[in-house]
Amino acid sequence: MKIDKIHIDGFGAFHEKEITGFHTGVNVLYGKNEAGKSTLLDFIRFTLFGYPRMTIQRRQPLYGGNHGGRIWLSTAENDTVMVHRKGNNNLLVEHNGQSSDQERNYLRLMGNATSELYQNVYAITLDELFEVQQLSDSGMEDRIFSMGMGLSGIDFGSFEKGLIEHANRYFTPKGRNQILSETVRKIEEKELKITELKQKLGEYNRLSEELKQFEKQREELLDKRQVLLRKSTDLENLERAYSYFVTYKEAEKVSTTLAPFSPRPKQLLEDFRQLKVQQTQIDNELKRLKEEVDYFTKEIEQLNLNHHLVDKLHILDYLKSTIKIYEESTLAIHNEEQKLARTIQQVKRINSQLGESFNTSDVVDLEGTFDLRNKAIETSEKMDALARISERKSDEINQLKRSLEELQKQLNELDTELDTLGLTSENAVQKKKGELVSVDTQFQQALKGTVRQTVGKPLVYAGIVGGLFMCLLSYFLWEYNFLLSSISGLTGISLLVMTYLYSPKNSVSERNEYDAHELNTKLNQLQQILMQYDRIMLKKQALLSEQSTLLSQLQHAELDYAQQTENYENVLLLWQNTLTSHQIPSSVTPRSMGDFLSQVEELKRLHHDQLESIQQLERLKGLKNEFETKLTEIDATQSDYSTEWIYHTIRELESNEKKWTHHQLLTEKIQHHHQKLKTKEVELEQIQNELTKLLEDVGVHTEANFYTFFEQQEQATLVTEKLQEATNAIRVICGQDNFESTIASLSEIQHTSELSTQIQYAKESYEEVNNDYEEIGKKIATHKAHIHHILQPDEMTKLLTEQQSLETALHEDAKEWFSTKMALKVLNESKQQFEEDKQPEVITYTRNYFREITNGAYSDLRISLSDKHVSIIDHSGRAKMVEELSRGTREQLLLALRMGLIEEYEKNSVPLPVVLDDVMVNFDIHRAQNLARSLTAFGANRQVILFTCHEHTRDLFASTNATIINW
Amino acid sequence: MKFIHAADLHIESPYKGIRSMNEELGGALLQKGFKAYTNLIDSCIAHQVDCLLIAGDSFDSDSGSLSAQYSFFRGLDRLNAHGIHVFIICGNHDPLNQWAKNFTLPPNVTLFAANTVQHHLLTKNDKVVAAIYGVSYGEREENRRLVTQFSRIDEAPFAIGLLHGTFAGSTHQNPYCPFNIDELRVTKMDYWALGHIHKHEVVNANNPLAVYAGNLQGRHFNETGEKGCVLVEVDGSTILSHQFISLSEVVFDYIQRDISDIHDLEGLFHLIDTIKSDLISTQKAYMLRVELTGMSDLYQVLNDQVELDLFVQKLNAENNYQQNFVCIDRIINHTIPLIDLNQRKQSSDFVGDVIRRFDQYEADNTLLMSLQHEVYDEIRSSKIGRYLKIGEDKDELKEILNRAKWKCIAGMITNDEAS
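If you read the sequences in order, they're chains E and C.
So the first sequence is numbered by my numbering: it starts at 43 and just counts up by one.
So the second sequence is numbered by my numbering: it starts at 819 and just counts up by one.
Hint data in this document are derived by calculation from the structure and do not stem from the laboratory.
Any given hint could be a false lead.
Below, in silico cross-link-like pairs of lysine to aspartate or glutamate (EDC-like), each with a Cα-Cα straight-line distance of 16 Å or less [claimed, not checked]:
hint, chain 1, residue 1, chain 2, residue 2
1, E, K857, C, E1210
2, E, K840, E, E230
3, C, K1207, E, E854
4, E, K228, C, E841
5, E, K216, C, D1195
6, C, K1201, E, E230
7, E, K867, C, E1192
8, E, K857, C, E1214
9, E, K857, C, D1211
10, C, K1201, E, E233
11, C, K1163, C, D1177
Using the sequences and the hints, build the whole thing.
Right, dumping it as structure tokens:
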């Protein structure tokens, strides 16, 4: 198989890159550094054999284009194969015009070679050579071996060694610390412990049987011990009972000597004694009571009680509790009377101020003072306001009147002036005007001939000035008085028009007939008159207008004034109504209402105070009278109940009260004592009766005999008790039912020492048996403890589980060891087979290539895979080790080895393009030339692609007619 | 009338086949194993049953553990205190001749004798409510069809047969005391309380109802799932209900996962850790074997037992055995490698030769056995050989061969090829 063409769509730095011109034999791809040799090499490998699984290794396009590309190949049969593989490993193969995406079919075409195989066999890179150079010498040898087997990327020796070490970790025939041995030892330990624990059942049975025996023995010993204990106890009891036995016998003897009597209860004696004691107590009590009665009686006599006062004692509390009040009342009455007098005076004063017509009761009943006050204020303000307005209006009216008078005066003066001018009527005015016109015309005519301009000019000027003046006046009066302004304006315009019409050219013609000067003078006079008339008229008109205005104003003012007056009267009327409704004198004005109401309030307060004072006086006087009434009960003769007398009386009463209380107390005591005396006497009698009864009961007559009887009885009882006590003690000590036998036994004993001897003997026997019993008890306890321990949850399950677990682990580890050993065996078989079948050929090829490359410097090569030994024979027959070779020679050896391997491989496989990546950098010129020749021969029936960036390499191969592709 | 049917208690029997055993785990499994029996006693008391039926194999007499028997008897004492009757037959693991002589049965316990079927009546409030028929194993191996001895005597409204045996069609390795459905039916029992098979199963649903209770606690990975007992409620002669009650504290189980999308050990760790977290919340302890399938990058790593053991150790590092835990016992690699070996072995290089050689061994049993013998010879004479039984199982031998093959491939093929 050889490459014909390469087209890269997108791969690493390549985009739409095409390389053509490949042939069989050596093809030198010459490119500069960084041209992308390794990228291209990867492209060839990935496209032919598949992209790596890891995306990061796939050389994604850096400059666009679809990831992937195509390679066109030719088979040995000259079939064309186009391989199109994309970056996601999608494959399309065209073989002789037939397309297929089946990887399997394609790989068959490629001789089932894989990417790894291609890498290991067909692709020889400088990196690989460099890597090999870095290895130690032994590593180098190992790598050579690996290469010899087509595992150029693997250190087969190390791999094999690793497997052996791994297996040895698990087991070696004589090893003790390996994993399997260790596990077996642990299993054996567990088995031992399990065996020990299994023996527990037998142990349990044995212990159980022995335990039963011991318990039986213990039962027997217990019985024996109890017997001995009983005997010993009995003897001890006898010993203890011996003293009681003696007592018993003595008591028995005494009892026989006593006379018979019928016993009486001892209680009778107690009762007798108690009664006697009670009797004595009662006697003493009686005596005491009598003495006290006498004493109390005497004390009563000594009291000196005032019986009169005693009758009055019921008043004392009252007097004591109210004396203060009496005193205070007396003082308060005085003060209150004074206060009342003052109040009455003030009331009178205010009444007088208010006036007789105003009834005090009305004042008191007056309500709504607050509203009245407010109303008064309101009314007062209104009235004031109305008054002010009225006054203002009045002033205004007066002012207007005065103005009107003034105007009239001025009008009169103007009329007088008009009279003076003789222009009192309109006809006169017209006439004058006509005259003016006529004179003017004459003057103009006169001026026409001579002094046209000089005569007419001043008039014209005057007319113009006058007209302008009137127009200005009109302008200024426009805002103040329309009528005057209009008149002034019209007048001014008229003057201007007249001035224009009667200008000097017209007046000159008439002057011709008259004397211009005279006419002028007359004209001037007429003009002045008329001007004056106009002035007066203007003024008059102004005054009239003003008059009219003032009249109007006066009228309005008078109307307002009337209205205000009416309003004022209405307010006044309302106020009067208010006064009437509250029954307040009509003289009260709004202004004075405040004072009035203040007085009313004051009057109310005083009236209230007055009433209070009166009430208070009544109450105080009542108290005083009540108190004095009580005093009269004590002493009606007393005229003056002074404070001293009252206090004295109180003291007397208190003293008497005490005496009386004491008297009462004593009297009560005396009565009580008398009662007690009676009771006690009755008790005494009862006791005496009981005593008599007791004496009769016992059968005696006297107290002494009574005591004697009981003494005797006591004695007999004592003896009986002793007897009983001894009997009880003996029964208690020796048993209730054993009394007779005990007495009998003790009767036989002469001395207590006999008993002691017997007791000693019994105790010793008991001790002996007891010791045996305790011994057996210990054995039983020990056995029970052992049994209990056996029955505790033991380690058996844990041991068994651990044993099982260890056996499982042993089994698994043994499998691991087995698999490793199997792997080693199979590898060894393959290795031996390889050495037998393939290695000789590989070595032969390698030797030849090596000789060629080194130009005969090394003639032979010996490699033993099994011995892992490599030696190179130089031309002189000397054997050298790999480590003795120079770097370049080693690389040449490695190259020769790969070439040999390829030769051998292709015996049974499809030849694939061999790719060399700048492998000659460390070759000298001669060796390079040798290699070039060898490669050329090597490439005779195959394709060899050599990447280089060196010009001399390119040129070297060019000289061997290799195909040079610049890219 | 209510009763609980249990069987194959195997109190304090050891756990088997656990690869990831350690001191703590061992202690925890021991406690939980005993707890299952305590749970049985507690269930009887809680449900206020009238009796407990134990259909054989209460403990392993082989283990020689006296404390197992003693623990068993203490549980029976508790039932005695609550007035609950117990009817027991012996099985192949606790035959009558192996019971400790010096343990006294509490008065509430009836232990059936061997060889001949006996029957005992169960009374409640002075009224006979059931008759229980049973027979024990006198010795470990009992191959007779004891079922043929059972025959109902109409003394009670409800009849129960207690039998430790193998149902026809079962593949149990010790098919003791075999029986079939017809033989059960002919006896006219209302309920068959069966023991010997360690999996709860209703062998026949009615006429009669025949049930294997299964054992109380799984002890190895062939006994997966929940274990427990059966609670049966009866009214007169009618079975009102029967329900399985889970008693096991530890559940053995297998988990399968496809790891085609997982490319590194970290991802695998996370996957398995998630499985563990989900199971922790179920309040039971688990012993798991994780079976990995799919086409995976990790095939070679998973074939490396040393790596796998370290991985499993890491997975179990955080387990708290004082409480409920999920322990990964092992990881079973059933993934398919990314390398196409069929294609690879076509090449005539050394690697192809090695692969073909392995294929030959796999195809030829005789060759394989000779390889096995060759390897075994190295170890046979040592004391280790005494414990090993490698290669007796053909499937196992092929697994070992496959592991060997991948060791070679892993060593000889670069990452490019493997990816």
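Here is what the structure says about each hint:
A threshold of 16 Å between alpha carbons decides the hint, and for K857 (chain E) with E1210 (chain C) the separation of about 12 Å falls inside it, so the pair holds. With a C-alpha separation of about 15 Å, the suggested pairing of K840 (chain E) with E230 (chain E) holds against the 16 Å cut-off. At roughly 11 Å between alpha-carbon atoms, K1207 (chain C) and E854 (chain E) fall within 16 Å of each other, so this suggested pair holds. The suggested pairing of K228 (chain E) with E841 (chain C) holds, with an alpha-carbon distance near 14 Å, which does not exceed 16 Å.
Among the hinted pairs, K216 (chain E) with D1195 (chain C) is consistent with the structure: their alpha-carbon atoms are about 14 Å apart, no more than 16 Å. For the given pair, K1201 (chain C) sits about 10 Å from E230 (chain E) by alpha-carbon distance, which is consistent with the 16 Å threshold. Distance check on the hinted pair: K867 (chain E) and E1192 (chain C) sit about 9 Å apart at the alpha-carbon level, within 16 Å; holds. Taking the CA atoms of K857 (chain E) and E1214 (chain C), the gap is about 9 Å. The hint holds against a cut of 16 Å.
The suggested pairing of K857 (chain E) with D1211 (chain C) holds, with an alpha-carbon distance near 12 Å, which does not exceed 16 Å. A distance of roughly 14 Å separates the Cα atoms of K1201 (chain C) and E233 (chain E); the hinted pair therefore holds under the 16 Å criterion. Taken as a hint, the K1163 (chain C) and D1177 (chain C) pair is honoured in the structure, with Cα atoms around 9 Å apart against an allowance of 16 Å.
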